[in-house]
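**Q** Protein chains in written order, with my numbering: chain A, 1 to 617; chain B, 1001 to 1099.
Hints are computed from structural coordinates only; laboratory data are not their basis. Computed from a prediction, not measured in an experiment: that's the story for all the values here. In this text, a Cβ means the ideal position worked out from N, Cα and C, and glycines have one as well. Hints are supplied without guarantee of correctness; some may be wrong.
To be verified - If you only want the chain A side, here are some residues facing chain B, beta carbon under 10 Å, derived:
1. THR217
2. VAL281
3. ARG517
4. ARG518
5. LEU590
6. GLN591
7. GLY593
8. ARG594
9. ALA595
10. GLN596
11. VAL599
12. TYR600
13. ALA603
To be verified - Residues on chain B that point at chain A, a partial pick, calculated with CB under 7 Å:
14. LEU1022
15. VAL1058
16. ARG1086
17. GLY1099
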Amino acid sequence: MTPVTLALAVPALPLAAFVLLALVPPLRRTGRPAGIVSIAAMAAALVAALRLWTLAWAREARTVTATWPWIPGDGGPMATVGVMVDELSAAMLVLVTLVALLVQVYSLAYLAEEPPPALGRYYAYQSLFAVSMLGLVLAPGFLQMFVFWELVGLCSYLLIGFWYDRPSAARAAVKAFWITRLGDVGFIIGIVMLWGATGTFEFGPLFAMAAERTLPTAAMPAIMTLIWLGAVGKSAQFPLHVWLPDAMEGPTPVSALIHAATMVTAGVFLVTRAMPLFATVPDVLALIGWVGAFTALLAATMACVEADIKRVLAYSTVSQLGYMMAAAGAGAADAGFFHLLTHGVFKALLFLGAGAVIHAVGTNDIFRMGGLFRALPQTGIVFVVGTLALAGVWPLAGFFSKEAVLAGVWERGMTVSFAMLALTAFLTAFYMFRVVFVAFFGRPHPTPDPHGHQHAHDAPPLMAVPLWVLAALTVALGLRFALGGGGGEHHGPAWLAPLSLALAAAGFALAWAEYQRRAIDPARVAAALRPIDAAARNRYGLDALYAGVYRAAVLGFSRVIGWIDRYLVDGLLNLLSAWTLRGGDRLRRLQSGRAQDYVYAVAFGVLVLLVWMQLLA
Amino acid sequence: MGLHAYLALAALVFAIGLFGVLTRRNAIGILLGIELMLNAVNINLVAFARFHGDVAGVVFTLFTIAITVAEVGVGLAIVIAIFRVRKTVEADHLTLLRG
């Protein structure tokens, strides 16, 4: 099959599954069979994506684009739809289909207690999400990308709010939708401005213009900043990161797929994809880098004080997305994308591992777990593998991608960003091992849940297999780079690898001393770092700030509108009706009931008419 | 005497009848006023018939007289019916249709 056919098949398979589930309610309501349909389509899509990937690898970075006219316009179509296959999109396709497949298999067991119609709905959403994400990845132009971009946003909303009868989940879904929408407004304005300036949405012509330096240079900084805003919302960069931790209200497999491995990386993908355009505006790139590095550090500090295992992972995702953006901002987009791929694998592993833990003990609070390694040995092993990878320990996948990012930033001479990212690496190791020590080692919690530790056991095979596959991939990817070299052209100075290992080791040591050995009392550390600790616990007041702004702006505006409605609109109507009533009351008195009065009125009227006629004639 | 004299007489009778309708308080008096007004019209019709040499006016008058008789019959019957119920024929007291 040609690359184009394969590329079309990858999103078409989940699309078929979605249409089938959406249009055939009896099938959807059966639950598990619906899931199997979705999984089968996903598995076929994975095969197609893998084949496409090997083709893309063999062709050595030649881009294949196939487009069809979409919006007609004078002198050729204004916009097209199609597929654009290169190493970037092929690698992304493999990641998306792989994680989606594993997550869907895992969900069969994780959501086994859901009623069948709800499970069918879940798989319909999952398939739609896969279509949207794959369409986004394959988009050959900004307009198609935007359409799928919004579709993944919709799926994210639907899946966060999967348990829509929980108020917190419904609120989180709406919050995620609105906050990402805030960035998307910038994105669409940027796209339209870019079209206005260049007359095309397509990447091909735009990249050619960038290469020939024929882009309208005056408008580019504003345009690219606006487009980047879309990525800020989607990839949870400061200050629009607040939706991602709340998105953990969704089922854990959803968090693994959408809010860790794929959808949130769409922003990084966008920046990587449009790198030739971003490269023409160094100031915007610097901004991207600074915001990325700041986000990485900020989110890492918040992860250190969080007690909810999923929220720790969520802040960790925000932090790692900041890493990728920092790399992109330093011009090392390939390093950022490399980190995106490895992070997608091991973060999905961590989330699914966390899901297995939550499934077993029925709580998200790490301080109510403890000593789980004995009860859940398999889960414990894969979680530790994921933690080591995230902390950047040789020879796991995270070590190489993190080193590539750090090297890219260092090569650019961005010393402050580099320092922030290095500190983040230390914090990453600390908060991940904090979770490991508190939840998996240490003493079991003295008052376990009613259905807690005594019955806690390892995940059923349907959940365990995806975990082991991801863990194996994390190790295999790392070994591949450890043995075969590679991992991008960013290696940095010789001291970089020891430094990043030392940072990870320091984080590990601190976590061990605080939470395992209890040589250092965490409360004293918190007291020593009091301002930062308090601020991080309050999430730097950003949620409160947004809530305050929301109250001030939206509720204030609503009050004004309410006043206008009550006193102007309603008032006018009330006045009119009062006048009508009073006028009717006055007119009523004319009806005296005495026949003579009526005759008098008739006679007088005739007289008036006669006089009038005489005067006019 | 010319046509104008008859017309003036008719107008006078009509006005007297209207005055009676408007001012009498007794329902029978009001009916009498109506009779005067109708007969003023009859005078007009006969006068025009006479001066224009057209018999049609006289024919109309005959019709009017017949209808007037019927009207008085119905009117008096209503007055009697009202008197039986309300024990009065004072027009000022018959204000059931007041708004």
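**Q** Now, for every hint given, state plainly whether the structure supports it.
**A** Status of the hints after comparison with the structure:
The interface hint given for THR217(A) is broken, as the beta carbon of that residue sits about 82 Å from the closest beta carbon of chain B, more than 10 Å. A distance limit of 10 Å between C-beta atoms decides the matter here; for VAL281(A) the minimum to chain B is near 80 Å, and the interface restraint is violated. With its C-beta approaching chain B no nearer than about 97 Å, ARG517(A) sits outside the 10 Å limit, and its interface hint is violated. For the restraint placing ARG518(A) at the interface with chain B, the shortest Cβ-Cβ distance is roughly 94 Å, beyond the 10 Å limit, so the hint is violated.
Interface restraint check: LEU590(A) against chain B, minimum CB-CB distance 7 Å, threshold 10 Å, status holds. For GLN591(A), the interface hint holds, the least distance from its beta-carbon to any beta-carbon of chain B being 3 Å, beneath 10 Å. Below 10 Å, beta-carbon pairs count as interface contacts, and GLY593(A) has one with chain B at about 3 Å; its hint therefore holds. Against a cut-off of 10 Å between C-beta atoms, the interface hint on ARG594(A) holds, since the closest Cβ of chain B lies about 6 Å away.
Look at ALA595(A): its Cβ gets to within about 6 Å of chain B, closer than 10 Å, so that hint holds up. Because the smallest distance between the Cβ of GLN596(A) and any Cβ of chain B comes to about 6 Å, under 10 Å, the interface hint for this residue holds. The closest approach between the C-beta of VAL599(A) and any C-beta of chain B is roughly 6 Å, which is under the 10 Å cut-off, so the hint is satisfied. The beta carbon of TYR600(A) is positioned within 10 Å of a beta carbon in chain B (closest approach about 5 Å), and the interface hint is therefore held.
For ALA603(A), the suggested interface contact is upheld, since its CB lies about 6 Å from the closest CB of chain B, less than 10 Å. Evaluation of the LEU1022(B) hint against chain A yields a held restraint, the C-beta minimum of about 5 Å falling below 7 Å. At its closest, the beta carbon of VAL1058(B) sits 27 Å from a beta carbon of chain A; the interface hint therefore is violated under the 7 Å criterion. The closest approach between the C-beta of ARG1086(B) and any C-beta of chain A is roughly 13 Å, which is over the 7 Å cut-off, so the hint fails.
Given the 7 Å rule on beta carbons, the hint for GLY1099(B) holds: about 3 Å separates it from the nearest Cβ of chain A.
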